[in-house]
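Visitor: One letter stands for each residue in the lines below.
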Amino acid sequence: MGDYTKPLPHPNDVSQPFWDAAKRHELQIQRCNACGTSIFYPREACSECLAADLIWIPASGKGRLYSYTIAQAPTHPAFADDVPYVIAIIELEEGPHITTNLVGCQPDQVRIGMPVVASFEDVNAETTLVKFRPA
Amino acid sequence: MSIKGKAAISGFAEMAPQKGAGDITPLGIIANMAREAIADAGLEKSDIDGLLTGWALSDYSVLWPSVVADYLQIRPAYFNQVELGGASAAGMVWRAAAAIEAGMCNTVLCVVGDRRARARQMPPFPSIEAEFDAPYGLIAANPGYALIAQRHKYEYGTTAEQMAKVAVDQRKSACQNPSALFGNKEIDIDDVLNSRMIVDPLHLLEIVSPCTGGGAFIVTGAERAKDGPHKPVVLLGAGEAGGHSSITHARSLTTSLVKPAAEAAFRMAEVSPQDMDFAQPYDCYTITVIVTLEDAGFCEKGDGGRFVADHDLSYAGDFPCNTHGGQLSFGQPGLAGGMSHVIEGARQLMGRGGGRQVRDAAIGYVNGNGGIMAEQCSLVLGV
Ligand SMILES: [Zn+2]
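If you read the protein sequences in the order shown, they are chains Z and L.
Going by this note's numbering, the first sequence opens with residue 1, and the numbers climb by one from there.
Going by this note's numbering, the second sequence opens with residue 1, and the numbers climb by one from there.
If you are wondering where the hints come from, they were derived from the structure by calculation, not from laboratory data.
Predicted, not measured: the structure shown is a model, and the values here were computed from it.
Think of the CB as a built atom: it goes at the ideal place given N, C-alpha and C, for glycine as much as any other residue.
It cannot be assumed that every hint is accurate.
[Stated by the list, open to error] One-sided and incomplete, this derived list gives chain Z residues near chain L with beta-carbon spacing under 8 Å:
id, residue
1, P9
2, V14
3, T37
4, Y41
5, R64
6, Y68
7, T69
8, Q72
9, Y85
10, M114
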């Protein structure tokens, strides 16, 4: 695990709770106390009403595949050994979209609209990535 | 108040894209393009009192407009960098027109150049995308447009053959463009579909090739432009739209910001898409053309695949589209890739299309697109 060479997130004070939750294998997103909007990616102000009154909430981890691509050539040199791999956008049950990899699924079985569930991958001692697999 | 009819493109210059880095710097390219465009418009360097430029990835720095002004030794009364990615050049046209109409300056040099080389100082990617997209391999443009194409196939039944047709027809025009990087040999749909799959559903021949190159054009007042050696290409309408950075957070993958941008441009020009003699839509990928033609109103939403299959998109066809070959065949020399659509629109309207001249071209549509469909600037140009 020490030789993980793919791009890693570098959390800041605003996003740290998201990555801390991921490390506990929990998916958390934000919600606006002023207007109720569910929010991802982590922000300091609501994407709809701009209120600086956001709280972290647990997300169900459930969603549907909104779109995907199967990378047949690496999109970054460090992904070369993973080809073919699935880059996907998931529409979370709570509404927001999130970028991820679909895992545990043969590329020819991937279908837009398929139900998926969060699947956590500890890529090194510090970082856990939030991936998704078929539900 | 509108800038409709107030300013015109009076001259241009364009470097033939080169596959390698060459031995020229971005500033060297910019100087060559400036010299040639000024001469093409029948002007002297001292006539230039406005400057719009855009970044060069191979020589990225802050204060770039001043770097360019210093290198060219011009003293602009209006200058700036237009930072709309591939839409930058289209965005320069209306900004120049607006500055002229506002009385800030008379004649604007719009110029870009870039070198395909290991970046000396690559600009940082947006930090949010570095944190939430890059760890999953959603990096640079290829996978972003593949996500769009896959969703378009799902929503509208767009086929691989329809997407490939864009590359095939544009290549026909490229074979009449001596400057095109890939202008030697026509291709067919099988060639595209048999080329290497890069990010499913996009094949190698559906993806632009980065290269070295540059371009420039001159925008001046519509009256002043009549003193030049060429038919002035008048800006009749312009529209711009934005609202996302990462494609994951776009409001729609398949209905793009081209829609409001094009609607605004056609509204200002008081014409409709059906009045256009040609279209020069930004084409970083085949799917980009299909989505743009739909959202600009050349066909119904979702019918873009059938539209490109049913029409001959070549310069001699019933729907001339990217008559220089598009960036898919011309090449993508940084921001000069986006500029190639503006210059080709002006070239056709001036009647300087040579072997690929669209007969009786009098009005046309140009679109610039930046990022992953994130910046859109639509223009209606006419003579
Ligand atoms: Zn809110």
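Visitor: For every hint, state whether the structure bears it out.
Guide: A quick look at each hint next to the structure:
The interface hint given for P9 of chain Z is met, as the beta carbon of that residue sits about 4 Å from the closest beta carbon of chain L, less than 8 Å. Interface restraint check for V14 of chain Z: the shortest CB-CB distance to chain L comes to about 10 Å, outside 8 Å, so the restraint is violated. Evaluation of the T37 of chain Z hint against chain L yields a violated restraint, the C-beta minimum of about 13 Å exceeding 8 Å. Satisfaction of the interface hint for Y41 of chain Z is found here, the shortest Cβ-Cβ separation to chain L being roughly 5 Å, below the 8 Å cut-off.
Taking 8 Å as the C-beta cut-off, the interface hint given for R64 of chain Z is violated, the closest approach to chain L being about 12 Å. This hint holds: Y68 of chain Z has a C-beta 6 Å from the nearest C-beta of chain L, less than the 8 Å allowed. For T69 of chain Z, the interface hint holds, the least distance from its beta-carbon to any beta-carbon of chain L being 3 Å, beneath 8 Å. A hinted interface residue such as Q72 of chain Z counts as satisfied when its beta carbon comes closer than 8 Å to some beta carbon of chain L; here the least separation is about 4 Å, so the hint holds.
At its closest, the beta carbon of Y85 of chain Z sits 7 Å from a beta carbon of chain L; the interface hint therefore holds under the 8 Å criterion. Given the 8 Å rule on beta carbons, the hint for M114 of chain Z is violated: about 11 Å separates it from the nearest Cβ of chain L.
Taken one by one, the earlier hints fail for this structure at numbers 2, 3, 5, 10, listed in ascending order.
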